[in-house]
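Generate the whole structure from the sequences, applying the supplied hints.
Residue numbers (numbering that gives the first Met the number 0), protein chains in the order written: chain P, 0 to 92; chain Z, 0 to 462.
None of these hints come from the bench; they were simulated from the model.
Now the stretches of chain P that chain Z is said to cover, found in silico as 3 or more residues with beta-carbon under 8 Å:
no. : stretch
1   : 7-19
2   : 34-48
3   : 59-67
4   : 76-85
Cβ atoms here follow ideal geometry from the backbone N, Cα and C, with glycine treated the same way.
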Amino acid sequence: MEPMAIVSIFVLSVFVGFEVVSKVSSTLHTPLMSGANAIHGVILVGAIIVADHSKTNLELGLSIAAIILATINMVGGFVVTDRMLEMFKGNKK
Amino acid sequence: MSRTVYDLIGLAAGIAFILALKGLSHPKTARRGNLIGAFGAGLATLVVFFYSNENSSLPLNNLGWILGAIAVGLVIGVPAARKVQMTQMPQLVALFNGVGGGAAALVAIVEYLNLGDKASTAVVVFTVFTVIVGCVSFSGSIITFMKLQELMTTRPVVFPAGRFVIAATLASVLGVGGWVVNSLGTTPLLILAGLSLLFGILFVLPVGGADVPIVISLLNAFTGLTVAASGYVLDSTLLIIAGTLVGASGTILTRLMAEAMGRSLFGTLFGAFTAKPQDVAAAGEERPVRSGSPDDVAILLNYARRVVIVPGFGLAVAQAQHTVRELADLMISKGIDVAYGIHPVAGRMPGHMNVLLAEANVPYDQLQEMDEVNPTFGQTDVAIVIGANDVVNPAAQTSPGCPIYGMPILEVNHASNIIFLKRSMRPGFAGIENELLYDPKTMLLFGDAKASLTKVVSALKAL
Chain P
0 MEPMAIVSIF VLSVFVGFEV VSKVSSTLHT PLMSGANAIH GVILVGAIIV ADHSKTNLEL
60 GLSIAAIILA TINMVGGFVV TDRMLEMFKG NKK
Chain Z
0 MSRTVYDLIG LAAGIAFILA LKGLSHPKTA RRGNLIGAFG AGLATLVVFF YSNENSSLPL
60 NNLGWILGAI AVGLVIGVPA ARKVQMTQMP QLVALFNGVG GGAAALVAIV EYLNLGDKAS
120 TAVVVFTVFT VIVGCVSFSG SIITFMKLQE LMTTRPVVFP AGRFVIAATL ASVLGVGGWV
180 VNSLGTTPLL ILAGLSLLFG ILFVLPVGGA DVPIVISLLN AFTGLTVAAS GYVLDSTLLI
240 IAGTLVGASG TILTRLMAEA MGRSLFGTLF GAFTAKPQDV AAAGEERPVR SGSPDDVAIL
300 LNYARRVVIV PGFGLAVAQA QHTVRELADL MISKGIDVAY GIHPVAGRMP GHMNVLLAEA
360 NVPYDQLQEM DEVNPTFGQT DVAIVIGAND VVNPAAQTSP GCPIYGMPIL EVNHASNIIF
420 LKRSMRPGFA GIENELLYDP KTMLLFGDAK ASLTKVVSAL KAL
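This is how it looks when you write it as structure tokens:
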């Protein structure tokens, strides 16, 4: 990929990331942190790609470990965030 | 599937993540936001199985291993997330973050082994970054988990010349990182991983218990950046976007959390090294406290006009949220003005109390935030502090040099009477003595919060 394209994607993503959460109330800090935490579980995609590339047993073993960890991060993260937010539904009158 | 279709779907997933973060920032849309994020992540994972290029053909190599590993991850992750107690959620989030960082570091290592001499300098630099930060996030998160789970002391751990050891470790991490970039090799990379793990441990050990949520948030942002860097290594736009979003929003969130606790980020991370030894005026000395019975408390409440309930971690531990609501409803039926004073960081994570009281269907308008409730303590007859300590400790305002100095507190010391429901005289999570416990207008009610509250409720009903 073009270096400049990558820099543009990076910088724009930084700004979007800053903007979307700049006015969050303290009540939602923890669920937001947990949700963002689940999003970086998308490293699972990277783990699957390297497992596909793996040529040696060492590489395959490490990528399988990466897949397990990333799955825990992604799926566990979204489930636990949902459980936290479920508690809030009583608020709506 | 062509590269174009693959990239378009990746873009859709990226947009889903933006919408997810945006949704999670507002109470009404938070749950939907989380589901959108989960959808995006699921979509992104699914399409990898259908994309091939000149380097890879379908079905993916090692497909059985890949699916098996995902199944193992599901079997571990889902039950952990579903069964965890509300009180233990912060440490679970820390753990999930840590394994994510570990996964990113592993991905970078595998890709590095795989590319061998073909790796460009830029790819190696990003690999080194991913390995360092991913390992720091992994081991640092494990330490935060152990602190929150109280598997180790919650106090700052400082050892002689600690800051020099940390600086030396950091210098060697960077040195070995440079070595990897210059003279490609597997051994230097593994040494780098080991040193980074060590640095992560040393980096988190000096952080005091009360500041741990801020550190979790910071490590979360770190993991985001490692994912972005591994996206560069793997030529995946989606990973770059997702990782950067988390890195950026996580940084802002860390700052907001630090602000809510009245802490600078620097003070959180390095405070233990600069703080002066605490004045432990009355350490070890037996001082008189006034303890009362549930009946005493009920009488005090019966003749109050305004009562403020200040919940803390003890309420969460005792699962007393329903009982406290029962008490509040009873007082309201007696014409007493009741409010809950919610400190932004009461409990073990920001917003912990809101979640807990929402579970007990406490009306939202009874929950008052710190700025709203503080000016009213002067007209408050009774403040009931249930299992909270640090967030009402006047030392935060009066004794410079104590670890929580500068943290905004709920000023219950201005109320006419203060009732503390406590299990013991043990200090709070930050490990600081609370002078308020010895105040003449304070009454202590020892015992499990739920048991004590139940007794107070029946005593109040009998009046």
